Every structure is written in C-alpha cells, then in structure tokens.
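Chemist: Starting from the structure of chain A, add chain B where the hints point.
Note that the protein sequences, when read in sequence, are chains A and B.
Going by this note's numbering, the first residue of the first sequence is number 1, and it counts up by one from there.
Going by this note's numbering, the first residue of the second sequence is number 1, and it counts up by one from there.
It is possible that some hints are incorrect.
Facing chain A, a subset of chain B residues (Cβ under 8 Å, in silico) [claimed, not checked]: (1) A21; (2) V23; (3) I25; (4) K68.
In the DSBU-like style, the derived pairs of lysine-lysine whose C-alpha atoms are separated by at most 30 Å in a straight line are [what the hints assert, rightly or not]: (5) A:K266 to A:K303; (6) A:K80 to B:K122; (7) A:K88 to B:K35; (8) A:K268 to A:K297; (9) B:K188 to A:K70; (10) A:K297 to A:K266.
Worth flagging that the hints you see were computed from the coordinates, not collected in a lab.
Treat the numbers as computed from the prediction; the structure is a model and nothing was measured.
All C-beta atoms in this analysis are idealised placements derived from N, C-alpha and C, irrespective of residue type, glycine included.
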Amino acid sequence: MKKTLIGLCVSAACLLSATAMAEVSINGFASVKGGMTTGNDDTLYGYTNDIEFKNESLFAVQLSSDLGDKLSVTAQLMAKGADDFDAKFAWAFLSYQINDDLRLNAGRFRIPFYKYSDYLDVGYAFDWARTPRAVYDVEFDTMDGISLYHSTSIADMTSNIQLVYGAYEGDISVSGALSRSKVQDITGGSWELSNDWLSARVAYFMADVTINATAFTPLFTALNTFGFGAVAREIDFNEDEGTFFGFGLSYDRNNWVAVTEYTNVKVKNSYMADRDAYFVSVGRRFDSITPYISYEKDDDVSKSAIYKGIPPQVPFLATVAAVVESQRADRDTWSFGMRYDFHPSAAFKVQLSSAKDNYTLEKDRLLTMGVDLVF
Amino acid sequence: MKKSLIATLLCAGLVSGNAVAEVDISGFASVVGGKVLSGEGVPEFGLEPTFLANYPIVGFYEEDWSFKPDSKYGLQISADLAEGLTATAQLVGRGADDFNAEFEWAYLSYALNEHWTLQAGKKRLPLYYYSDFFDVSYAYLWIRPAADNYTWQIFNYNGVNAQFNYQVSDWTVSGNIYTGREDDTENKLLSEFFGSQPVREIWKNIVGGVLSLNRDWLDLRFTYMTYQNERYRNGVQVTWDGDDARRGKFAGISANVDYNNWVVLTEFNRLTLDGSDFDTYLLSAGYRVGQWTPFVSFADFDAEAEMHSTTSIGARWDFHSSAAFKVQYDDVTDDGIDGQMVAGDSKAITFGIDLVF
Numbered sequence: 001m002k003k004t005l006i007g008l009c010v011s012a013a014c015l016l017s018a019t020a021m022a023e024v025s026i027n028g029f030a031s032v033k034g035g036m037t038t039g040n041d042d043t044l045y046g047y048t049n050d051i052e053f054k055n056e057s058l059f060a061v062q063l064s065s066d067l068g069d070k071l072s073v074t075a076q077l078m079a080k081g082a083d084d085f086d087a088k089f090a091w092a093f094l095s096y097q098i099n100d101d102l103r104l105n106a107g108r109f110r111i112p113f114y115k116y117s118d119y120l121d122v123g124y125a126f127d128w129a130r131t132p133r134a135v136y137d138v139e140f141d142t143m144d145g146i147s148l149y150h151s152t153s154i155a156d157m158t159s160n161i162q163l164v165y166g167a168y169e170g171d172i173s174v175s176g177a178l179s180r181s182k183v184q185d186i187t188g189g190s191w192e193l194s195n196d197w198l199s200a201r202v203a204y205f206m207a208d209v210t211i212n213a214t215a216f217t218p219l220f221t222a223l224n225t226f227g228f229g230a231v232a233r234e235i236d237f238n239e240d241e242g243t244f245f246g247f248g249l250s251y252d253r254n255n256w257v258a259v260t261e262y263t264n265v266k267v268k269n270s271y272m273a274d275r276d277a278y279f280v281s282v283g284r285r286f287d288s289i290t291p292y293i294s295y296e297k298d299d300d301v302s303k304s305a306i307y308k309g310i311p312p313q314v315p316f317l318a319t320v321a322a323v324v325e326s327q328r329a330d331r332d333t334w335s336f337g338m339r340y341d342f343h344p345s346a347a348f349k350v351q352l353s354s355a356k357d358n359y360t361l362e363k364d365r366l367l368t369m370g371v372d373l374v375f
Numbered sequence: 001m002k003k004s005l006i007a008t009l010l011c012a013g014l015v016s017g018n019a020v021a022e023v024d025i026s027g028f029a030s031v032v033g034g035k036v037l038s039g040e041g042v043p044e045f046g047l048e049p050t051f052l053a054n055y056p057i058v059g060f061y062e063e064d065w066s067f068k069p070d071s072k073y074g075l076q077i078s079a080d081l082a083e084g085l086t087a088t089a090q091l092v093g094r095g096a097d098d099f100n101a102e103f104e105w106a107y108l109s110y111a112l113n114e115h116w117t118l119q120a121g122k123k124r125l126p127l128y129y130y131s132d133f134f135d136v137s138y139a140y141l142w143i144r145p146a147a148d149n150y151t152w153q154i155f156n157y158n159g160v161n162a163q164f165n166y167q168v169s170d171w172t173v174s175g176n177i178y179t180g181r182e183d184d185t186e187n188k189l190l191s192e193f194f195g196s197q198p199v200r201e202i203w204k205n206i207v208g209g210v211l212s213l214n215r216d217w218l219d220l221r222f223t224y225m226t227y228q229n230e231r232y233r234n235g236v237q238v239t240w241d242g243d244d245a246r247r248g249k250f251a252g253i254s255a256n257v258d259y260n261n262w263v264v265l266t267e268f269n270r271l272t273l274d275g276s277d278f279d280t281y282l283l284s285a286g287y288r289v290g291q292w293t294p295f296v297s298f299a300d301f302d303a304e305a306e307m308h309s310t311t312s313i314g315a316r317w318d319f320h321s322s323a324a325f326k327v328q329y330d331d332v333t334d335d336g337i338d339g340q341m342v343a344g345d346s347k348a349i350t351f352g353i354d355l356v357f
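Bound conformation, chain A alone:
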C-alpha cells in the first residue's frame, strides 16, 4: 500500500479492490407498521384517526467487516418511513478490541440512555410495538465520539460498563420548529449487571446544551428590549448544563417477563421542565404468543419561577408563562398488546395504547399493528 501514497492507483475503485480482502457481512432488520387513533380528534405518537403506514416503518441493513488485528468496522444504513425512506448512516463506527474485557469504539453510535438504546429501531428485540415513549423521550439518541466498553464476570453475574465522550449536532424540535442544536461534551456511561433471569442497570450523562430556538427569537428580542434579558437567559439553551439519570430492572423467568425503567432529565437555566418518567411492563409467554400490559407515567414539573418576577402589567408576561407552562406534563399511558412469533425471525404485534393527560383530561387511544423482523 505504500505506493498509493503517491497514487499509483489512480481511482478509488481500483484502490478499494486492491486492498479489499476483508469479508463484509450483511444483516438487517425491518418493521412495517400501521396505526390509527380510535377517536376522531385523537392524536398520539404522530398518528391520527386516518390509518398511516409510514410513521414507524423502517428498513435497515447493517454491514460489518473484520479487518483483523482486533480492528473492525460497522455501518448501519437505515431508511425510516418518517423521513420518507431517505437512507442515512444511523450508526457507523470503528471498533478496536483492546483485550478480552475492553473494547474501544469511535464514530457514530447510540447513546446508552436506556435499556433498549441499542435496539431502538429493532422492534424484533422487544415485545412492545414501540419502546415506552414516556421514558424513551430524549430528543436525540445518537452521538459522534468515542466509547469504551468493559465487560467481565462478577460472581455469577455479567457486568457491562460503557463510557462515552462526544457530541450531538443536529436538529431538535423546540416549540414545533426544528432548531439547530449542539449538545457538547456529552460525558457519562451506563453499567449493567445481569444473570440468566435478572438484570439491573444505571446510566448517568452530562452535557452542555445549546439550541438555536428560532421559534423564540421574537420573544427574546422583546425581553431584551424591555430589560428582561435575564428572563430570556433562563428560557434559552445556551451552553446550559443538562443531566440524564436512568435506572432499570428486568426479570425474565418461567415465561414471565417484567421490565421497569425510570429516567430523570434536566437542563439547568432553560425553560425545559424537570422530566421524571417511569414505566412498568409485565408479559407472559405462552409458546409463540406473548400478551403484555404496561403502564407509563410522565411527570414533568414546569419552572414557573422563571416568570414569577415579571410584574403583572408587563404585556408579554402571558407569553412567557405560556411558553414555560407548555413544558408541564402529567400523563398516564396504559398499553395492552400481544406479540406473536409466527416465524423464527419475524413477529407480528398488535398494541392498544391509551394516554391520559391529567391537566386537560384528554384521552388519546391508538391501535398499532405490524411485523418486525431481522435477517
């Protein structure tokens, strides 16, 4: 290969074929799902009363190649219905196996926020139609950076630790507008201890959150003009410290499957509410059929203190209050469903979810059906 430094090989096509000795393995997964809400005005998870098949359908292929000498590369190309099936490298990273216990990854990978972070898009990996949204609700799920894995045995348990450092740069929806965002210096990790039937995990991350929320530009201009710049700074995301804490337990024994996760998400000096959420799910396997029931609780406390200092006669007090209170949430979601493993690598699922907003007392019900498969 030395010679290519001066480019004796004039095309990349030639270069790649000359050096390509490594085997590339291909596998993948797909989901085809349709859903509709049961009430005329109900909306939930992007579905309406009109049946919709694109929302949660997706296709992905994963390519990996072992280059030898402890080095490998993995890339996942995914096309999501929600993005009009435009293909994207959802994951792509290099792995270096330092020793039996330690592995270093560099590139773009999933942030290990949740128990099912690595499988968010692989519906086949869990029983539900989707991961519980109340808990799985951070607006971004991948990062670019480096990650260190450590796995070992402690007594008869398996211990998996993943530490990460990096950043997320992309769009985050704020008040309905996609806004350029930078989540810098994401630092943290997860630790999972498991045996055959029980597993427990904790996760903690910190980061500096900056979001250019264009939806708020007029409001911030008004606040600054009238000497309430400090209020604007309490609302915006400008290198504000965000933290994530997660805890999970799962049980799988004698055909009973139970999973619970709790998360707490905060961003200091921003209008984002302190988010507390958990879910509990229980299922029972009957041969190829697994019925389950799950309960999700979302309890987000708005930061009303932000606008408490604004005198009542100030005209934009109502706007600031509305923005801050839009973050308040108290929601209960019940889901009932069934997974039917009709094929060794495909499952049919049907799920009915009912979400109740305890402030507005509105209820939205959603019926989802579909097939998840892996290959």
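Modeler: Then chain B, alone, in the frame of chain A:
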C-alpha cells in the same frame, strides 16, 4: 427474457432470479475529531473562529471538539457482469452532511480492450490529483487534501469518459478523457458558507482530460478542463456582464516523488474564470520511519481578492495493514480583502483513523 420484461418492472424478485453477476462490496471509513485552538473568525460576517477543513462538503471545525466535519463512511458495490461490463456504485455518508447516504458514484464500465475502458454515469470530476479518491483518506498522507487547493464547489458530474492505460518502456501512461454536465440544485458551499440564499450551480459542456505518467519513484499528472457556468441565486439567474453563462478553464500539473523513504507531493492548478485567475498549489514532504510518516505541508489559494494559505504539520501512523492513524495541526492565514475572506485565520488540531475494507 421477453416475458419477464413486464415482471422486471413489477417484481424485484427478478433481480435475485437473474443475478448471475459477482457482486463485491468494499468500503472505507474515516473517524476524525478536531477543534479550533485559536482563530479570528470573520467579524464582518459574524463568523466565530472557524477552520474550514473541506470546501466542497463544507466540513468546518469550531472551538468545541467535533467528530463530524471530516468523518465519513463509504460503501462501494461493484458487479462484474462479465464480457467486460461492470457496474459500480458508491454510497457515501459524510458527517458534514449529517451522514445522509448519497450515491456519489453510479456508473457502468465497458472494457473495449486491454488498453481502453468506456464509462458512463455519475462519477467524480477528475480535476485534481486526489479527486478520484478524495473521500478515501486512507489513500493519502494527510487527514484531507489541503483545503486551499481543493476549493471546488462541483465535484461530481454526469457523463461519459474513456480511460486508457499503456506501458511505454519503463513508463505507465494512463489517462482519461471526459465530457458531461452537473446541475447541483442546492450547492452546499455556495448556499451555506458563501451566502445564505439557495444557489443552483450548473457546470455544463464540461470537456476535460487527464494524462498520467508513472515510473518507479516518479509520478507526473497533467489535467485540463473547460466548462460553462450558469448560476441561479434564490431562483434568479445570475448574470456576468449581461451574460447568462461564463466559461471557465482549469489546468493543473502535479509531480510526486517517492524515493528512499522520502515522499514529496506537489500540485499546481489555475482556474481562469471571467478573465480572472484563481491559482492554487500544494507542496508536501514526508519521511517514512518504519510505520510512521511525519510530514509538513503548505497550500495556497491566490485570486484577486480571495487569498488564503495553510501550513500543516502532522504524521501518519500505519498501525494496521488497512488502517492508519493520523494527527495534523493546521495554521490558516486568511488575507482576503474586499469581503472575500473565507473563515479568517485559524489554528486547529485534528486526529483520527482512516481505513479501507
């Protein structure tokens, strides 16, 4: 096959039914992180300290660590259809473009004989020495070909070309003659970096050629291309002295030496557009010590008002048979005048791993 013509259009199953071709998958990857250590930005444009590492894809670093601007993944799929016919496609996702997967190449090759090959489709525009493997960073010394030299806003084209390859005594003589067109409906460099309005950039009637002469330790390359440029800014056609189109002529020469562990790389290019000259060059030298190749590099862009240069030092470490670690320090001087500054002065550090598989 007659009967299946209808089915061909309707049923993807046919693809597997008739696929007799050998399909090869290979690829490349670069994972690079970096940051601006210090910089001036361009206060006039409200630009913070920025290191524009890659013009065509608009990959730039700021003062926080970022792992996206130079990172990319590519998959190359080629099918040998036998009897001289090959189909090649390359799917690339770049961090600077949020890893959206795009077909950078999609072309057919037909080998006429042992010397000549005809190709048609979407290919890289082979203007510069490193054009063809611009994305395959493993193939060169630095983290990226010097930005000042590689300032092209159009880097692919759709068309036809003929490649040749002859052995003349000790010399390998190879080259490429091409013609085609590119219509970039929203050009990233012109729309996002050099402005804030969508720019449609058209290069039409492209005609060009490349001639390479290689022997042992010496490598010479000559390149020439002419094209007509049309441009729409925000949907309104741009005119130059009342004309809808202007002609550009590009010429370049490159001489590289790889001798006794010394590597010397040079490239000189001139684009003449509207009677103005845009001159760029790059000079690099490296010395191989075992698996390590430390290098120094200088690159320069010189036009009437846009002037910038980069001095770089770095090293490539071939720690693996198909992967290299690289680290590089770049010091950019931006002497642009009359609003023709690019990103201001900056000093930046980048490091990463390039590999092919």
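Chemist: Under 8 Å is the threshold here; is the Cβ of B:I25 close enough to any Cβ of chain A for the hint to stand?
Modeler: Interface hint status for B:I25: holds (5 Å vs cutoff 8 Å).
Chemist: Please verify whether A:K80 and B:K122 have alpha carbons no more than 30 Å apart.
Modeler: The hint holds at about 26 Å.
Chemist: Need the status of pair A:K297, A:K266: alpha-carbon distance at most 30 Å?
Modeler: holds (17 Å)
Chemist: Take the C-alpha atoms of A:K266 and A:K303, compute the straight-line distance between them, and say whether it is at most 30 Å.
Modeler: holds (11 Å)
Chemist: Against chain A, run the beta carbon of B:K68 and see if the smallest gap drops under 8 Å.
Modeler: holds (5 Å)
Chemist: Take the C-alpha atoms of B:K188 and A:K70, compute the straight-line distance between them, and say whether it is at most 30 Å.
Modeler: Violated, at roughly 38 Å.
Chemist: Starting from A:K88, check that the Cα of B:K35 is at most 30 Å away, please.
Modeler: holds (25 Å)
Chemist: Please verify that hint: B:A21, Cβ, nearest Cβ of chain A, below 8 Å or not.
Modeler: violated (15 Å)
Chemist: Does A:K297 sit within 30 Å of A:K268, going by the straight-line distance between their CA atoms?
Modeler: holds (23 Å)
Chemist: Against chain A, is B:V23 within 8 Å by beta-carbon distance?
Modeler: violated (11 Å)
In summary, the numbered hints that this structure violates are 1, 2, 9.
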